[in-house]
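Engineer: Assemble the whole structure, with the sequences as input and the hints as a guide.
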Amino acid sequence: MRFVADLHIHSKYSRACSRDCDLEHLTWWARRKGITLVGTGDFTHPAWHDHLRDTLVPAEPGLFRLRDDLDREIDRTLPPSVRSRTARFMLSVEISTIYKRDGRTRKVHHLVYMPDLTSAAEFNRRLARIGNIASDGRPILGLDSRDLLEITLECGGYLVPAHVWTPWFAVLGSKSGFDAVADCYADLADHVFAVETGLSSDPEMNWRVSSLDRYRLVSNSDAHSPPALGREATVFDTSLDYHSVRAALETGVGHAGSIEFFPEEGKYHVDGHRKCGVRMEPAETLAVDGVCPVCRKPLTVGVLSRVEELADRPAGARPAGVAGFVNLVPLPEIMSEIVGAGPKSKKVLGEVDRLVAAFGPELEILQDVPVGDLAAHSTLLGEAVERLRRGEVVRDAGYDGEYGVIRLFEPGELERRGSALSLFEFAPAAAEPARVVRRERADSPAVDPKPVSTQPVATVDAGSSLLGGLDPDQRVAAGGGGGPLLIIAGPGTGKTRTLTHRIAHLVAERGVPAEECLAITFTRRAAEEMAERLEALGVRVAVATFHSLGVRILREHHATVGLSADFGIADPERQVEVARSVCGDEKEARRLVAEGAEVYKKALRAQDLVDFDDLVALPLELLEGDSQLVDAYRGRYRWISVDEYQDVDERQYRLLKLLAPADGNITAIGDPDQAIYRFRGADVGFFLRFQEDFPKARVVHLTRNYRSSEAVVRGALEVISPATLVPGRELNALGDHGDALIAVHHAASEQAEAAFVARTIEQVLGGASFHSFDSGRVTSDGAHGLGFSDFAVLYRTDRQSKALVEALTQSGLPFQKRSHDRLSDRPGVARIVRELGFTAGESIVDRVRAVAGEDHAAYELLKPLAVECGTDFERFHTTLALGVEVDTLDPRADRISLLTLHASKGLEFPVVFIVGCEDGLLPLRWPGQEDDTDEERRLLFVGMTRAQRHLFLSHTAARPRSPFLNDLGEFRRIGDEQPKRRRKGTQVSLF
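So the mapping is simple: this note's numbering equals the position in the sequence shown, first residue as 1, plus 429.
Read the hints as simulated data drawn from the structure, not as lab findings.
Certain hints may be false.
[Said to hold, decoys possible] Calculated cross-link-like contacts (lysine to aspartate or glutamate; reagent style EDC-like; alpha-carbon spacing at most 16 Å):
(1) K704 x D1284
(2) K1292 x D1275
(3) K773 x E502
(4) K704 x E831
Structural biologist: This is the structure:
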């Protein structure tokens, strides 16, 4: 039997691993990838070992499978093409040993395999006497490698040295290893018969070292999350059982080769110094004597140099009788390159889902499916896979912990072929799909519908392919026909899901032409998310922000307002420059810009420029002065959907009134109790008068909250109740998020408050060493399945973040701040953008890098947009001018989030702290200005409803406690102030 095995993975109990690293997710991904045998990983961890006992059942000798009930549930969620494929587990664990030998500190990682749970339990018992095996799924022991091998053999298992070339933690590593595998294991070396090559080397590199001829070369993914399974793997052609696998590695009979990364993609392939941005090939390293030319410190010597050092054969040599290998690029990375989105983006994952459903497991798609079949799905995919199979790839080698990049297309090749698409250039809508099929989601349980309006609402067929997965309220909102519709969507009720399903339902199932649909939202990020969701539903319509819609209207009618077809959009710095040209004074120039003075506007037009405000004001002026133009746009966009309608300002409101007649097909969705942007000109009054503007409007309420616990929802309703703008406000918690009460904390000072936040996070995670490099301390107690990215600390003003930053830094906890700042307003950005036109370089990112020089901060801020835009300079400048926001929250980073309450809107976190709940901060009171306590109350409501499981509201002795907290009912009080609780409650623990 020929099968693929991935025998080096980790569980959720290992440091820096995904919470999804459980057996159910591993089984799901193994079937999707086409992997038959998977290591369990981490069997030394007590909690994981118990989980293995409870969840696995014996299968073939020495192997296990998932319990039948769990297996059936997994199959239910997989497409038929991969359903019910064989998925087995072998007991495995990675052990880190740190010890001294021959006067040197040695750090070596090993893979240990056991034939049964009894043997594993005995192995664990022995290691528990040596060190702490409960702190991390990959325990770190002060134990000689030779002695670890001895314990392994005595317990009936076998050992494979892990990623043998990794500089820091490997048997042949340049920093702390040996010059030969046999040297490491001394008198027991003959009992080692296989070595893991690691991501930064492939078999061909290892064949150059004759001392490795005696070992079978194996490859595994070292996956820290289930989607990484199979990025490297070993192929066997033998019986599917533990003993046959071991025998194949001992004898070579049945060892059929391996599936490899391109070694350049590994993060230690070549030499370098990441902090200095220095990367070198082996010859270059020798020329500088292994010293970084920037900081004069030793370079990290990579795998290629280390192989070169130990090699006694020329490159290309191949010993007789060795198994072969194939280099692959993971399918999501290929699709990421083709579609121009991240490999973890919804767009890419949706494409991969469709490919797997059509052709089978990912590894078979990459190796076996005829290229012609793939090309029928996507010409670019077929070409990419054909190049991959020929080994024709573009290689950008990794170094010093930085992964390399492998591409199938030359830089700029896809752009030249027209594959790039600007969000702000309205491409023609795709042809209507023949049929849209979707999977029902479990996060919207079906419950009995409740009346949502005094007006009659048409019933909707729940069996619709697009509406079947919605709850009754969502279904009513999404399934209605034409005419005005107002959807009042409380927090966590599936607002975007409902709106996108409504648009998709109209196009795919009610015959509405896609080109007649227009969806409008407020930020570029929200527009991208909506477009991705619609595409995943099989529909493509025009999605815009108000300002990008304004750009389109002005491009089409530029002459009417005295502009050329390629008019420019002035950034803030250019605006002041133009104003200064007419007044000569910096301060006066800024006043003219702020007031939109006529003399400033004339100066802009004279230079063929508009500013950000003009992007709505000028289209509004055009339409208000030309009824025929209004009719033309009403004819073009007969179906308009507006997200976050409570945030429209006066000009945006007037523009919408022109585009949608009183009886038109306009859908507005939002929540007036989440109207928090008055300082930007938003007026919630426009939401409240929707039924006056559109007398025939139906109103639907979404009241089922899937995000937050019952305690959080109840507390949020209590806080908003005195000022709610939704009569009879109703919000019902339906998600399973525990029963922890809201905690109210009192601290003596801001510093004490920040220390409380850091200390509590450490408690939940089980210790600050979660992020510590190479430590054996506990990273998580496993009780909550949380990582750092599951925590958010919210505050009213950015000044409050200072104490938090200091406390988290002192505790060693990773964090990042997020803001809604415009990218163009950040220091250094305007200078770089201004000088791009005078700099050589084919791509935008090349020019940005050249202009930035030593301004690394500005370069890193601009780099994502520059990469996204490729060589489309007009799109790059337009996007910046349209106010694209700084996005410093990398969805891949596992860090605590620090955000203002305004910046938290639209996000959610299992654990939320809101600090500074004090009169003067929340509500914020400005000297000499009228207070808007109702909006401040709404702001707290928004912040509270970001929390899923646990919510902490904190205040200090510096100011009186926020009056908003007086409306809270049952809660848990913690801290050094213990006033009487307003409602009797049960004494509970912090969690």
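Engineer: For a quick check of understanding: which of the numbered hints are violated here, in increasing order?
Structural biologist: 3
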